[in-house]
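Asker: Dock chain to chain to rebuild the complex, using the hints, since each chain is given by itself in its own frame.
If you want the building blocks of each chain, they are given just below.
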Amino acid sequence: MIVPFGHVLILAGLLFLMGMVCMIVRRSLIMILLGVEIMLNAAAIILVGSSLLWQQLEGQSIVLFVFAIAGAEVSVGLALIVWGYRQTGSVDPRDYNLLK
Amino acid sequence: MTTYSIIFYLLALLILGSTAMAITRRNLIHVVIYLIFSFFGSAMLFYLFGAPFLAVLEVIIYAGAIMVLFLFIVIMMKLKPDKERLFPLNQWLPAAFFGVVYIAIGMGLVIAEPGSRITLKTAWADPGLFGQYIFEKHWLSIEIVSLLLLVALIGALLLGRRSKKVPTASAPEGEK
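Chains as they are written, first to last, in this note's numbering: chain Y, 2 to 101; chain L, 12 to 187.
Per label pair, the in silico range of CB-to-CB distance: (1) L:F109 x Y:K101: 22 to 32 angstroms; (2) Y:D93 x L:T133: 44 to 54 angstroms; (3) Y:K101 x L:A123: 41 to 51 angstroms; (4) L:K132 x Y:D93: 41 to 51 angstroms; (5) Y:D96 x L:S152: 34 to 44 angstroms; (6) L:L104 x Y:K101: 26 to 36 angstroms; (7) L:G139 x Y:R95: 43 to 53 angstroms; (8) Y:D93 x L:G110: 21 to 31 angstroms; (9) Y:K101 x L:L159: 29 to 39 angstroms; (10) L:F108 x Y:R28: 15 to 25 angstroms; (11) Y:R95 x L:A31: 19 to 29 angstroms; (12) Y:D93 x L:L159: 26 to 36 angstroms.
Just so you know, the hints here were simulated from the structure itself, not pulled from any lab data.
Yeah, the Cβ is synthetic: ideal placement off N, Cα and C, and Gly gets one too.
So here's chain L without its partners, still in its complex pose (with noise of 0.2 angstroms):
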């Protein structure tokens, strides 16, 4: 066991205890923290296969922008906290049941395929390098995602723009 391998299980317990935690809580600020601690330990787990750009992306993107978004949403709603119960017994355990035959199917099938014993190699992936082959092997794709991030951009300020007169509001007013 090398020193690289405790660090993976420690990283993976990492993740999936604060995702664990995160899904189970009631507050929603306290969801969106045990996330952003959940995309920090993916970020090492980059690090560790050696995507260092990538690493950096996650951090950026995943932790900061996205999370910080939510964060924002949150904050700037008043939700009401409603008492969220678990669906009737009778409706989650069959969903239970599929769950725990899909893990042990899932779990039964990486174990036996031969691939999935390789040990990993560490490696490097130079952050100058890694941008010079997406400019060179995928640059009609990176054009196509920066238009999709534009019609996004665009999309969430038509949606976000207040409308003077929304016809549909006054049906929920009227009946609660």
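Isolated chain Y (complex conformation) (with noise of 0.2 angstroms):
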């Protein structure tokens, strides 16, 4: 016996909160892809918790999922960084208008 579901639930849906106003609310392309590695993490934990309610395994192989692409988009969003902090030298989203 652990907790009653609901409180992973609560759990996992304050961090991805948390993940979101990183994501909005800081004015750095790291920040903004670290709310999304947040947020992502969150949706594991719930996956998880999912997968042991229902005593299955679906659960945990979608988390395996979950992993692989977020480790793809962190290599492709950080690239991209690097890309725009040569091409503006910043990394502060408001620097981003070469297209005026």
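Answerer: Right, dumping it as structure tokens:
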């Protein structure tokens, strides 16, 4: 016996909200990418919790794919940030106005 | 209250606390270090939920690979410590209001739902059985995801390659 499933949901929801706040409020591309990572982690927690609730392995196998997608996303995202940094000399999204 | 539930609440406190510290720090290196703590907490949570293989993967991929990648990028870029301020009050007050309403409705939904009151039982997904299950039921997805990782690798290589002449680089230099 661990805890009611609702507490896992609340934990993951709060974590997801924190990731969203980090993504929206902080003005740095690196913090935006970190916010996405936090949100993916919250989704993984909820998937493992529901896998335990229904005693099925499906949830855990989806988490494996979430990890792979997080790895792909972060590698391409950081390469894009480095590329943009070379072009504009900053990681502030407000400086990315080359099309103006 | 069993030992497991005490461990769960401690871990929840650890994860939420370190994430809250992380998203409010100015220094990006501190952010990354706090997030490593948060991901270690999540790994222990996975272990508590009976997913030892995923706990190991969380430590290796998230706390190890991804965060070290962020750390390298933060260290190698010479970032100015810019004074980022919060948005003006009349901008973020409606957003905070909607966020609080969202939290309240979400919590009410979770509490009202009868399915969320089911207590979780401890279980253990053996890593060998888990791997067998993955490669029996989801072998095609594994192949697709490995192709995705290959594409991401090639894309990161292409983006990171320093081109000889960047046509747009002169425009922002002239403005400054």
